[in-house]
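A.B. asks: Residue strings, one per chain:
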Amino acid sequence: MDTTKQLKEEIKIKEKDFKFVQLDEKIYDEKFEGEAIGFFKDAMLRFKKNRAAIVSGWIIAFIVFMAIFGPMMNEYTYREQHLEWAFLPPRVPGLEKLGIFDGTKEIRVRKENIEEKYGDALIKVVEEYNVKHQGRDVAMAVIKVDAYKLNEAEDVYFWLGTDSIGRDQWTRLWRGSRVSLFIGVMAVIINMFIGVVYGSVSGYYGGWIDMVLQRITEVLGGIPSLVLIMLFIMYMGAGIIPFILAMVLTGWIGMSRMIRAQFYKYKGQEYVLASRTMGAKDRSLIFRHILPNAIGPIITQATLAVPGFIFTESMLSYLGLGLGAPEPSIGVLLAEGQKVLLNHPHLTLFPAMVISILMLAFNLFGNGLRDAFDPTLRGQE
Amino acid sequence: MKKFKKLLALMLIIAMTMSILAGCGKKTQDVTKEEEEVEVEKAESTGPKVYRKSGMSTDTLNPHVSDSTSESYVMELIYGNLLDLIYDKESEGLKFIPNHAEALPTTEDGITWVFKLKKDIKWTDGTPIDANSYVWSWKMLLDPELINSGARALFDTIPVVNALEYFKGEVEWEEVGIKALDDYTLEIKLETQMPEIDVLLTFSRGYQATTPVHKELYEAGMKEKVKKEGEEDSKGLKETDYATSLEKTPSSGTYKLTEWVRDQHKVYEKNTGTPVADYYTPDRIEERVISENSTRIQLFEKGELEAVSVTGDDYEKYAEDPRIVFQEANTVWGFYINGKSEKNPILQNKDLRKALFYGINRDAISKGVFKVYASSPYYISTPCMVGDWKEGLKYRDTEKAKAITPEGSGYNPELAKEYFEKAYAANGNKKIQIEIIYFEAQETMKRLSEVAEEEYEKLFGSDKLDITLRAMPPMAAYDTYENGDYDMGIGARGQNTFNAWKSMVVWTSDFPNKTDTMYNKEFDELFKRTTQGDLMNKPEERIEALVRMEEILMDEIPLIPIFQNNNAVMYQDRIKLITGGKYMPEVGFAPYQAEILDQ
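Chain order of the listed sequences is Z and S. Position one of the first sequence corresponds to residue 1 (full-length UniProt numbering), numbered consecutively onward. Position one of the second sequence corresponds to residue 1 (full-length UniProt numbering), numbered consecutively onward.
It cannot be assumed that every hint is accurate.
[Stated by the list, open to error] Under the rule of at most 27 angstroms between Cα atoms (straight-line distance), these lysine-lysine pairs were calculated in the DSS-like manner:
no., chain 1, residue 1, chain 2, residue 2
1, Z, Lys105, S, Lys371
2, S, Lys371, S, Lys139
3, S, Lys521, Z, Lys339
4, Z, Lys339, S, Lys367
5, Z, Lys144, S, Lys371
6, Z, Lys132, S, Lys89
7, Z, Lys132, S, Lys317
8, S, Lys116, S, Lys215
9, S, Lys118, S, Lys270
10, Z, Lys144, S, Lys367
11, S, Lys118, Z, Lys339
12, S, Lys343, Z, Lys132
13, Z, Lys105, S, Lys367
14, S, Lys343, S, Lys521
15, S, Lys521, Z, Lys132
16, S, Lys371, Z, Lys111
17, Z, Lys124, S, Lys89
18, Z, Lys105, S, Lys302
19, Z, Lys132, S, Lys302
20, Z, Lys149, S, Lys367
21, Z, Lys144, S, Lys116
22, S, Lys367, Z, Lys111
23, Z, Lys149, S, Lys317
24, S, Lys302, Z, Lys111
25, S, Lys118, S, Lys179
26, Z, Lys132, Z, Lys97
27, Z, Lys117, S, Lys179
28, Z, Lys111, S, Lys576
[Stated by the list, open to error] So, partial list: chain S residues that the calculated Cβ filter (under 8 angstroms) puts toward chain Z:
no., residue
29, Lys223
30, Ser294
31, Asp313
32, Lys317
33, Asp321
34, Pro322
35, Gly368
36, Val369
37, Ala441
38, Lys446
39, Ser449
40, Glu450
Bear in mind the hints are in silico, worked out from the structure with no lab data behind them. These figures come from a predicted structure and were not determined experimentally. By construction, the Cβ of each residue, glycine as well, lies at the ideal position given by its N, Cα and C atoms.
Same shape as in the complex, but just chain Z:
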């Protein structure tokens, strides 16, 4: 008890101990440090942190660039034929000295013909073997030859080789990519348009309108889409426009469902109610107040749908329902290459690489977008 008493006595606060710090200044609220971040900016920030998505974005940009400008990079056109130069292997100036892309290939010949037929073009004899024929042995050999020299094409370079009728594979590959990308992107845009309108109407009005519209999509979605697409193409004939239309037949259903769900989520919220009370029309409610909330999912879903359509196009082309000749697409090139896969692998290899990389890039890019637009991740990190 004594000690407290002592303390009380010791700490005595007097008026002179205080002084005014800022009696003459005005006090303001402190300003936020940094800028206000909008929805897209925030998404962009998060997107940038996703390395895989960024790289994918650059790859897509590169392929799109090549699809536009690649066919112009050499003097050949996609349909110009050089029958005497069929199936030439890839040959690139510079790289040829490293032993790759040097325009050589292995062929089987009769040993006795090597000197006479392949004299100059011969690089080395890889293997010698005998074929028994009617009781006698015929000496055969696998030889490596310079295919360009053999076909009197020493001064020409086909960067990715030539196809069965001597067309430049480089030009065809990029033109094919262009066609495939075009089909994929156009199909997505049209699907998006139909899906957004259909889903908005269905979700916003609800009730019996929603009932009817949803039953229609269910009936449509119940038909196996591949069968529908095939029959449609058989009926319409192959071509770029029929392809796009075929993919639109049922392709918009997914988008419309997503939009409808968005509308159900937002249409009962207070700000919509407030706006409606103030006399906003249906149209402005739909397109100005509710739809912008769905912009993130729309972009994501659209991006993820592109590789799907490219893949469908390739698959149909591969099955022989491809575009009308001589127009290439990645699927058409693959279908052509597959027939000669064992003898001329370069015709399959490059289109396969492009489509694989493109699919992967689009998927990673789409995943990146999805994460970036995900509001639950907002403000994290």
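Assemble chain S onto chain Z, guided by the hints.
C.D. replies: Using the frame of chain Z, we list chain S on its own:
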């Protein structure tokens, strides 16, 4: 707890090792078993000679209705006929030998033909075959209620008296010129005199519609036809499921069908003791359904198939292989061209058609795309023979035919341009547009049309001619041709090697399934005169008429002939072909007569 975990892990490890050991044990056992089996097989391999072939799937082996080549390849093995056609090593040519018949038919006037039959001919189940069986079979073949597609053998290929009338239901069977004089003698009366070769061919080999059918099985399978919706009334009232499965397929030929798994495989065993069995070497034939040629080549490489055809891209790889032999096809491929087109009237212009005829770079297609095919600026293929077939004079080798054949491959850019300019002027100096139909999902067909497009546009200038390509399934394409709703389109025309005149029927004005658009009275007249009229027995004039017919074709150009599909074929070394690599009409390389060496 820890102890339990350890115990569990230990138990797991034990269990795994046990299972691995058990697996090993079983495997080793299996291996020894397999080895044993292999040894047994090896010990037996000096026995039966096996020929392994690839085939396509077959729907029916009923000779009366079958119309596919894959089916005929099966039927030629399992059915016998009155005669057989083989490769004769001595004369190095073809030879007709009697099969069910005792000898080749006799005739005095070329109108009445008499076959004597052997007495002990039987189906595999023991049912005898005699003259009455043949008569019954042919009655069924011509039955007006069955409406068999094969029936034309008896009124079209050779005109049997009243056969067509019976087929149409106009006369009774008794009036048809087919009689069994006794149990082993057949008499066939024709309406007009026919060359011997046509009669012999009609009654030889098992794939012909004239091969006998097994009465009991045929009747057992007979039923009222269930009419499908939209089907025309004329398709027949009855049908039979004869020869649509193994039990329903009897054999009267050199081989019997012992296994038939639809769309997968077939096995044939030799019927030893049948009349012509000695000419054929394989004791057993195994057939697998393989539709992809690349698969066939792989199996051939592994030694699991005796023969494979190599064209186009595959040919490059085998070009110098000593096993390669070349076929000589009796088919000319080209582009049909619609000379009666309403939609694209410029096609009616003969100059344009001639420009397209001379302007097609045939070598670019036959050598560039297919590698081994022959360019054919003509309508009648090279194996077609004229005159006496035993002498083997080929139509294309005659001076008269040579005189009208365009030089080389028929590619004449200068002449083509000249014609084209005329056509272009006739079109009012407007760009001419032509659509070419090609067969869908067939890579070479697509390439062919791509080359044609490029070559044409390069030659005539893409500012004056625009070619577009359109893919169609082959059946749909032929339907389109029949409807006359096309500009140009891929197609083929085959010829009867022994009777090229008869094959000209497809170009005549009233041919039922006409795919071209040529209607030429002179041609029709010549066709009639050479196949049933006054020129039948005037060999020289008959050849001249054929030349004239081809000349008309070359003038009208209902089809732009491009190539003859002479495939390259490889046989395994164990198959020693007796034709020495020579390709014969009808029997080909006679692979079933080849010497088969043990592996």
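A.B. asks: Run every hint past the structure and note whether it holds.
C.D. replies: Verification of the hints:
no. : hint                : result
1   : Z:Lys105 / S:Lys371 : 19 angstroms, holds
2   : S:Lys371 / S:Lys139 : 47 angstroms, violated
3   : S:Lys521 / Z:Lys339 : 46 angstroms, violated
4   : Z:Lys339 / S:Lys367 : 19 angstroms, holds
5   : Z:Lys144 / S:Lys371 : 22 angstroms, holds
6   : Z:Lys132 / S:Lys89  : 24 angstroms, holds
7   : Z:Lys132 / S:Lys317 : 17 angstroms, holds
8   : S:Lys116 / S:Lys215 : 21 angstroms, holds
9   : S:Lys118 / S:Lys270 : 20 angstroms, holds
10  : Z:Lys144 / S:Lys367 : 24 angstroms, holds
11  : S:Lys118 / Z:Lys339 : 51 angstroms, violated
12  : S:Lys343 / Z:Lys132 : 59 angstroms, violated
13  : Z:Lys105 / S:Lys367 : 21 angstroms, holds
14  : S:Lys343 / S:Lys521 : 25 angstroms, holds
15  : S:Lys521 / Z:Lys132 : 57 angstroms, violated
16  : S:Lys371 / Z:Lys111 : 22 angstroms, holds
17  : Z:Lys124 / S:Lys89  : 44 angstroms, violated
18  : Z:Lys105 / S:Lys302 : 23 angstroms, holds
19  : Z:Lys132 / S:Lys302 : 15 angstroms, holds
20  : Z:Lys149 / S:Lys367 : 20 angstroms, holds
21  : Z:Lys144 / S:Lys116 : 64 angstroms, violated
22  : S:Lys367 / Z:Lys111 : 24 angstroms, holds
23  : Z:Lys149 / S:Lys317 : 18 angstroms, holds
24  : S:Lys302 / Z:Lys111 : 23 angstroms, holds
25  : S:Lys118 / S:Lys179 : 17 angstroms, holds
26  : Z:Lys132 / Z:Lys97  : 38 angstroms, violated
27  : Z:Lys117 / S:Lys179 : 65 angstroms, violated
28  : Z:Lys111 / S:Lys576 : 23 angstroms, holds
29  : Lys223              : 33 angstroms, violated
30  : Ser294              : 7 angstroms, holds
31  : Asp313              : 5 angstroms, holds
32  : Lys317              : 6 angstroms, holds
33  : Asp321              : 7 angstroms, holds
34  : Pro322              : 4 angstroms, holds
35  : Gly368              : 4 angstroms, holds
36  : Val369              : 7 angstroms, holds
37  : Ala441              : 3 angstroms, holds
38  : Lys446              : 5 angstroms, holds
39  : Ser449              : 6 angstroms, holds
40  : Glu450              : 5 angstroms, holds
In summary, the structure is inconsistent with hints 2, 3, 11, 12, 15, 17, 21, 26, 27, 29 from the numbered list given earlier, while agreeing with the others.
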